[in-house]
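Engineer: Taken in order, these protein sequences are the chains called R and Z. Position one of the first sequence corresponds to residue 1 (the working numbering), numbered consecutively onward. Position one of the second sequence corresponds to residue 1001 (the working numbering), numbered consecutively onward.
Take the hints with a grain of salt, since some may be wrong.
[To be verified] Here are the simulated DMTMM-like cross-link-like pairs (lysine to aspartate or glutamate), alpha carbons at most 20 Å apart as the crow flies:
no.	chain 1	residue 1	chain 2	residue 2
1	R	K12	Z	D1241
2	R	K90	Z	D1192
3	Z	K1137	R	E110
4	R	K117	Z	D1200
5	R	K117	Z	D1192
6	Z	K1189	R	E110
7	R	K117	Z	E1139
8	R	K12	Z	E1232
It should be emphasised that the hints constitute simulated quantities derived from the structure, not laboratory data.
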Amino acid sequence: MKIIELKNVNKKFILHNQKGTVLNVLKNINLEIKTGECIALVGKSGIGKSTFLKMLYGNYLPSSGEINIYNNNKINIANSLEHQIINLRKYFIGYVSQFLRVLPRVPTIEIVSDTLKQQSLFDEHSLIKIKKLLSELNIQESMWNLSPLTFSGGEQQRVNLAKTLIGNYSILLLDEPTASLDDINKSIVIDMIKSKLKKDVTIIVIVHDKKIRNEICTREINLEKYIPNDN
Amino acid sequence: MNIKKIMHVENLTHFYGNQIGCKGINFDLYKGEILGIVGESGSGKSTLLKCLSGEISPSAGKINISLDQGGVKDFLSLPEQEKRQLMRSMWGIVHQNPRDGLNLRISAGGNIAERLLNVSEKNYSFLRNTGKYWMEKTEMDPDRIDEFPLSFSGGMQQRLQISKILSSNPQIVFMDEPTGGLDVSVQAKILDTIKSIVRDINVTMIIVTHDLAVVRFLTDKLLVMKDGIVVETGLTDRVLDDPQHSYTQLLTSSILQV
Chain R
1 MKIIELKNVN
11 KKFILHNQKG
21 TVLNVLKNIN
31 LEIKTGECIA
41 LVGKSGIGKS
51 TFLKMLYGNY
61 LPSSGEINIY
71 NNNKINIANS
81 LEHQIINLRK
91 YFIGYVSQFL
101 RVLPRVPTIE
111 IVSDTLKQQS
121 LFDEHSLIKI
131 KKLLSELNIQ
141 ESMWNLSPLT
151 FSGGEQQRVN
161 LAKTLIGNYS
171 ILLLDEPTAS
181 LDDINKSIVI
191 DMIKSKLKKD
201 VTIIVIVHDK
211 KIRNEICTRE
221 INLEKYIPND
231 N
Chain Z
1001 MNIKKIMHVE
1011 NLTHFYGNQI
1021 GCKGINFDLY
1031 KGEILGIVGE
1041 SGSGKSTLLK
1051 CLSGEISPSA
1061 GKINISLDQG
1071 GVKDFLSLPE
1081 QEKRQLMRSM
1091 WGIVHQNPRD
1101 GLNLRISAGG
1111 NIAERLLNVS
1121 EKNYSFLRNT
1131 GKYWMEKTEM
1141 DPDRIDEFPL
1151 SFSGGMQQRL
1161 QISKILSSNP
1171 QIVFMDEPTG
1181 GLDVSVQAKI
1191 LDTIKSIVRD
1201 INVTMIIVTH
1211 DLAVVRFLTD
1221 KLLVMKDGIV
1231 VETGLTDRVL
1241 DDPQHSYTQL
1251 LTSSILQV
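If we strip away everything but chain R, and leave its shape as in the complex, we get (with noise of 0.2 Å):
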């Protein structure tokens, strides 16, 4: 069945203050993607792989085009009322971007229960669940009631991770997961990762890693061929 389908997508940068500069990235995109997918995007560095995927998040709006999300109806996140596409991040497309984003002085206990809260799935075993996953990704028990703004890279990528992780989602779309972990940590993300596969979870994912990409991915979309003829 298809989730997420893009029809005629393009997405060109206009930077007004810089001369009316035009970046061109992406044209003509018409894809489908079904349920249980797991798609790693590829193509080299800049050729618009984490624009791709903030589109899917409505977080880039594209130039033109459809992006067709299937839930239990039609919503085409390029052309949605605001409340519609925040309904859809709340329960069904979970995003983790490359760098953690929270506010300060929130500790990082509180940052992943409120995505069990904001999905009204927050009860008594909430904590147990949390506390397991944390521990999972190897952050260490003394560290739960810090804020992660002050965390490692690799811890803050954890942290991210295990926010977007607890939720119950349809679709996850990963920017890059793995990019500043060690080989331990790696595997873990990556053994998570294929538990949501298990569970029919859509997965997008950016991952420079060859090897990560054939043990975990079903289909690569290379953006090369999106590119548009006039770069």
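Once you've looked at the hints, dock chain Z against the given chain R.
Structural biologist: Just chain Z, lined up with the frame of chain R:
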């Protein structure tokens, strides 16, 4: 999913003499949504907020309000008395300076109770318990319920004002620079408090600020204003991360990195 539209604004315009305050403003607000209005000083954002909250009567335009009990009212054409009644019972305004929103001559508990008395709640122990409940919810010490606002710090006064407004369960809350006069060290905690309360009680809110960090953490959608008009609107993180209009691009690229 069907979320109720609770405010519909059409072509809202206000002039100060020949001077444009705000012009041709259109938007819809849905239940539980948090709308941010941003722009530099003089962009018309405070004028717009005052038009919306009933503090000034706009020169032209329409504001339709959906009532909790059903039905839609054309707010601007209501008789003055009905307008006041609606504003008192359904709306709450959180001022930038908490001392503008608090009654300094009565206790913290009295301040919270005052709004509830307005919506005709008279039971003393209920009022007192509600006061304590809200102080706790906004992370204040409920044992200080009998103290006067001036004995609190600025951050605490702002928490008290927020308690006072939210305790009466308003349909729409208007906030003008809610963290504007506060120390950075307390700003983040107040934002976190507001955010968690908002989720708990599903309140609808309009916030005016020039602080883009505040809108990123608190709001769902944004109106970007310049010279009295809205130049860009959309999902907050979309507007901030992929701004389309030249003014929004200028605004977002002008933030100093610490």
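Engineer: Work down the list of hints and note, for each, if the structure agrees.
Structural biologist: Hint check results:
1. Distance restraint check for K12 of chain R and D1241 of chain Z: the Cα-Cα separation of roughly 14 Å lies within the 20 Å cut-off, and the hinted pair is therefore satisfied.
2. Between the alpha carbons of K90 of chain R and D1192 of chain Z the distance comes to roughly 18 Å, so the proposed pair stays at or under 20 Å and holds.
3. Of the pairs offered as hints, the one joining K1137 of chain Z and E110 of chain R holds, with about 16 Å between alpha carbons and a cut-off of 20 Å not exceeded.
4. Distance hint between K117 of chain R and D1200 of chain Z is fulfilled; the C-alpha atoms sit about 9 Å from each other, no more than 20 Å.
5. For the proposed pair K117 of chain R and D1192 of chain Z, the alpha carbon gap of about 14 Å is at most 20 Å, so the pair holds.
6. Taking the CA atoms of K1189 of chain Z and E110 of chain R, the gap is near 13 Å; set against the 20 Å cutoff, the hint holds.
7. Straight-line distance between C-alpha atoms of K117 of chain R and E1139 of chain Z comes to about 19 Å, which keeps the hinted pair within the 20 Å bound.
8. Taken as a hint, the K12 of chain R and E1232 of chain Z pair is honoured in the structure, with Cα atoms around 18 Å apart against an allowance of 20 Å.
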